[in-house]
Amino acid sequence: MAASATAGNVQVQVLDKEGRPVPDAVVVVYPSAAVAPVASNVTIAQQRMRFQPLVTVVAPGSRVRFTNLDRWDHHIRGTPSAGAGPGAPAGTNFEMRLAGATADATGGEADVAVHEPGAVLLGCHLHGSMRGHLFVTDSAYTLKTDTDGIARFDQIPEGTAQLRVWHPEQLVDLPRRALQIGAAPVLESVPLSVVPRRRRL
Amino acid sequence: MKNTTALYCALLLAGASLTGVHAQTPAAGSKPTVAAPLAPADLYAALGEKAGIVRLVDDFVERLVRHPRIGSQFKDTKPAALKEGLVDQFCQLSGGPCVYEGPDMAELHADMDINKGDFNALVEALQAAMDAQGIAFAQQNRLLALLAPMHRDIITVH
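Just so you know, the sequences run in chain order V and X.
For what it's worth, numbering that gives the first Met the number 0 labels the leading residue of the first sequence as 0, then goes sequentially.
For what it's worth, numbering that gives the first Met the number 0 labels the leading residue of the second sequence as 0, then goes sequentially.
Check each hint, because a few of them may be wrong.
Capping the alpha-carbon separation at 25 Å, the derived lysine to any residue pairs in SDA-like fashion look like this [claimed, not checked]:
hint, chain 1, residue 1, chain 2, residue 2
1, X, 77, V, 198
2, X, 74, V, 44
3, X, 115, V, 68
4, X, 77, V, 194
5, X, 82, V, 128
6, X, 49, V, 99
7, X, 77, V, 49
8, X, 74, V, 194
9, X, 82, V, 111
10, X, 74, V, 91
11, X, 74, V, 92
12, X, 82, V, 34
13, X, 74, V, 93
14, X, 82, V, 91
15, X, 82, V, 94
16, X, 77, V, 128
17, X, 74, V, 95
18, V, 143, X, 110
19, X, 74, V, 98
20, X, 77, V, 70
21, X, 82, V, 95
22, X, 77, V, 47
23, X, 82, V, 143
24, X, 77, V, 143
25, V, 143, V, 70
26, X, 82, V, 130
Some, not all, of what chain V presents toward chain X, calculated at C-beta under 10 Å [said to hold, decoys possible]:
hint, residue
27, 16
28, 19
29, 40
30, 41
31, 47
32, 49
33, 71
34, 122
35, 123
36, 124
37, 127
38, 128
39, 151
In short, the hints are calculated from the structure, not lab data.
For glycine and all other residues, C-beta sits at the position ideal for the given N, C-alpha and C.
Same shape as in the complex, but just chain X (with noise of 0.2 Å):
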């Protein structure tokens, strides 16, 4: 029940920062899945900065390629390059000294098929690798609340 909860919360506080980034962007941003300025003021060293940003990515994405619904979508992908584009992406995300360079969330799931089904089981991946860290719960919803929007991206499938 608590990762259900954490999900909707998540995707409520989502709602309420996208309306922000749209309130504080005057031009079209290329990029609205990866902004930077919606940091929370130290969600980075919450996460424990780059090397617990590492820590958590490579347990989740071990979560993720083992995973029985949603593993075969990353069948293809070394797990190590995945790995470097999440550590990027997420330490950015929480304000961390870092740049994701890689595609658009849109470029990269447009083949995938994805439903909301796969999304949320990724999310229960991510939340069980979060605990399996020892990050806390309200720490936990702050990343989550940054990452939420990027399902209008990625899933595909309705």
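Pulled out of the complex, with its shape left as it was, chain V reads as follows (with noise of 0.2 Å):
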């Protein structure tokens, strides 16, 4: 019997460690036969004392692009963040300080180029409580969660593979799980052994 050539499917779903959903995970899926993934020009806007989004993921050589919304001036920080997994990438320590948007224009903005995989923690120097996350990943099937805690993959490579989630409040590194991808659909739930802070408003 001929082994079917298609893609398989992979849904991963992440959940807290009282098995409630948990949006805005990161689920990495390697292949056996690594595939990069594609630069990308993003934007992280500072809105409502957030950053919208607030966890980003992107590859390595992408220009990330810092916008102010807010009324007042944000100082925009990244350094390693405190999640497990491969630190920060090299020469991603950054801050710069953009001014406030005002009537008639938008606020600061700066650019930073990411060259490494890892994950970056972003904060604010002049409002300690915001919070942001840039995961810069070294795999071109990475997803962030859903509302449902759900990630779905429709162009994995068929075979082995591993996968990896990463969330930012998850400071022990959860062991990757093999997978092996064929013509059916695989169906993972991955618990987090914490249960994430709820944001307000």
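Starting from the two chains in their separate frames, assemble the complex, guided by the hints.
Here it is, written out as structure tokens:
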């Protein structure tokens, strides 16, 4: 019987320690033949005291633009993420002050180039409670979980693969799982060992 | 005991003041927590005007960042930035010629997990700072009365 040559489907749901879905977790699949992610240009806005989006996934070589949409200044910093994993990409400790927006114009903008995989914690010197995350991935198959805690992949090559789940509050790295991807959909459920705090407003 | 009494005084006064805001404001105000029209006459002068408020806020923020209970809330914030915002806010609230242009109190505190005990600890630190600046007790209460309604936007953990 000929094996199907079509790509398999992989659906991963990330749950917290109490079994509830976790949005904004990063799910990375590494097929046996690695596929490098493609660099892109993305924008992370500072809006209503939040980084929007909260978690941004990019490839090495990407340009990340920070744009302040609030009426007041932000002083953005990027530092190595406290989360488990390969640590911060080299050269991505950065900080820049972005002027507030006015009635006539958006606020300050600044670009950061990322070169190596890793996780960067985003913060603000002026507003210590602001948190965001920049995840520089090393696999083309990387997604954030949606509000149901689910990441849906539809183009992962058949064969063996490794599954990694990253979340900023999961400080102890979860062991990677081995997946066998074939014609039938692969459904995985991955529990964190923590209950991430819930955001208000 | 004095501190506790002052806080309850402030909260009582605040209730009265807040009712006043709603009565005076016809349209939905975008920033009910920074209500300049409430400023009592000469509170700004009683605080020593801008220079006095700067001294007060300097001392207040130093007490906050060193505070055993709530100091950690400020560990990722530059004290200078915090001072700048508080000076503008206190100056405007007390009737001074300043405009606070920072985030509103709800946005600013949404992710800080502040409970009533934390809020009270901050009020006590402010009272201690006002004592240290020699601000009269009656004037302290007037400033606290302006600030106390903000607890609705700041306390998110009950």
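How the hints compare with the structure:
1. Proximity of residue 77 (chain X) to residue 198 (chain V) is assessed by CA-CA distance (about 23 Å); at most 25 Å being required, the pair is judged to hold.
2. For the hint linking residue 74 (chain X) to residue 44 (chain V), the alpha-carbon distance of about 24 Å falls within 25 Å, and the restraint holds.
3. A threshold of 25 Å between alpha carbons decides the hint, and for residue 115 (chain X) with residue 68 (chain V) the separation of about 31 Å lies outside it, so the pair is violated.
4. For the suggested pair residue 77 (chain X) and residue 194 (chain V), the alpha carbons sit about 29 Å apart, so the restraint of at most 25 Å is broken.
5. A C-alpha spacing of about 16 Å is found between residue 82 (chain X) and residue 128 (chain V), which places the hinted pair at or below 25 Å, so the restraint holds.
6. Distance check on the hinted pair: residue 49 (chain X) and residue 99 (chain V) sit about 24 Å apart at the alpha-carbon level, within 25 Å; holds.
7. The suggested pairing of residue 77 (chain X) with residue 49 (chain V) holds, with an alpha-carbon distance near 18 Å, which does not exceed 25 Å.
8. Between the alpha carbons of residue 74 (chain X) and residue 194 (chain V) the distance comes to roughly 23 Å, so the proposed pair stays at or under 25 Å and holds.
9. For the given pair, residue 82 (chain X) sits about 29 Å from residue 111 (chain V) by alpha-carbon distance, which is inconsistent with the 25 Å threshold.
10. For the hint linking residue 74 (chain X) to residue 91 (chain V), the alpha-carbon distance of about 22 Å falls within 25 Å, and the restraint holds.
11. Of the supplied pair hints, the one linking residue 74 (chain X) and residue 92 (chain V) holds, its CA atoms being roughly 19 Å apart against a limit of 25 Å.
12. At roughly 50 Å between alpha-carbon atoms, residue 82 (chain X) and residue 34 (chain V) are farther apart than 25 Å, so this suggested pair is violated.
13. Between residue 74 (chain X) and residue 93 (chain V), the direct Cα distance comes to roughly 19 Å. Compliance with the 25 Å bound is thereby established for this hinted pair.
14. In summary, the hint linking residue 82 (chain X) to residue 91 (chain V) is not supported, as the alpha carbons are separated by about 29 Å, beyond the 25 Å threshold.
15. Restraint check for residue 82 (chain X) and residue 94 (chain V): satisfied, since their Cα atoms lie roughly 21 Å apart, inside the 25 Å limit.
16. For the suggested pair residue 77 (chain X) and residue 128 (chain V), the alpha carbons sit about 12 Å apart, so the restraint of at most 25 Å is met.
17. At roughly 19 Å between alpha-carbon atoms, residue 74 (chain X) and residue 95 (chain V) fall within 25 Å of each other, so this suggested pair holds.
18. A hinted pair counts as satisfied when its Cα atoms are at most 25 Å apart, and residue 143 (chain V) with residue 110 (chain X) qualifies at roughly 21 Å.
19. A threshold of 25 Å between alpha carbons decides the hint, and for residue 74 (chain X) with residue 98 (chain V) the separation of about 23 Å falls inside it, so the pair holds.
20. About 19 Å separates the Cα atoms of residue 77 (chain X) and residue 70 (chain V), which keeps this hinted pair within 25 Å; it holds.
21. For the suggested pair residue 82 (chain X) and residue 95 (chain V), the alpha carbons sit about 20 Å apart, so the restraint of at most 25 Å is met.
22. Among the hinted pairs, residue 77 (chain X) with residue 47 (chain V) is consistent with the structure: their alpha-carbon atoms are about 19 Å apart, no more than 25 Å.
23. With a CA separation close to 38 Å, the supplied pair residue 82 (chain X) and residue 143 (chain V) exceeds the 25 Å bound.
24. At roughly 32 Å between alpha-carbon atoms, residue 77 (chain X) and residue 143 (chain V) are farther apart than 25 Å, so this suggested pair is violated.
25. Only pairs whose Cα atoms come within 25 Å are accepted, and residue 143 (chain V) paired with residue 70 (chain V) is rejected, the gap being roughly 29 Å.
26. The suggested pairing of residue 82 (chain X) with residue 130 (chain V) holds, with an alpha-carbon distance near 21 Å, which does not exceed 25 Å.
27. Checking residue 16 (chain V) against chain X by beta carbon gives a least distance of about 19 Å; that is not within 10 Å, so the hint is violated.
28. At its closest, the beta carbon of residue 19 (chain V) sits 19 Å from a beta carbon of chain X; the interface hint therefore is violated under the 10 Å criterion.
29. With a least beta-carbon distance of about 28 Å to chain X, the hint placing residue 40 (chain V) at the interface is violated under the 10 Å criterion.
30. For the restraint placing residue 41 (chain V) at the interface with chain X, the shortest Cβ-Cβ distance is roughly 23 Å, beyond the 10 Å limit, so the hint is violated.
31. With a cut of 10 Å, the hint placing residue 47 (chain V) at the interface with chain X holds, because the nearest CB-to-CB distance is about 5 Å.
32. The closest approach between the C-beta of residue 49 (chain V) and any C-beta of chain X is roughly 8 Å, which is under the 10 Å cut-off, so the hint is satisfied.
33. Hint on residue 71 (chain V) holds. Least Cβ distance to chain X is approximately 5 Å, under the 10 Å limit.
34. Against a cut-off of 10 Å between C-beta atoms, the interface hint on residue 122 (chain V) holds, since the closest Cβ of chain X lies about 6 Å away.
35. The beta carbon of residue 123 (chain V) is positioned within 10 Å of a beta carbon in chain X (closest approach about 8 Å), and the interface hint is therefore held.
36. Annotation: interface hint on residue 124 (chain V) holds; nearest CB of chain X at approximately 5 Å, less than 10 Å.
37. Interface restraint check for residue 127 (chain V): the shortest CB-CB distance to chain X comes to about 3 Å, inside 10 Å, so the restraint holds.
38. A hinted interface residue such as residue 128 (chain V) counts as satisfied when its beta carbon comes closer than 10 Å to some beta carbon of chain X; here the least separation is about 5 Å, so the hint holds.
39. For residue 151 (chain V), the interface hint is violated, the least distance from its beta-carbon to any beta-carbon of chain X being 29 Å, above 10 Å.
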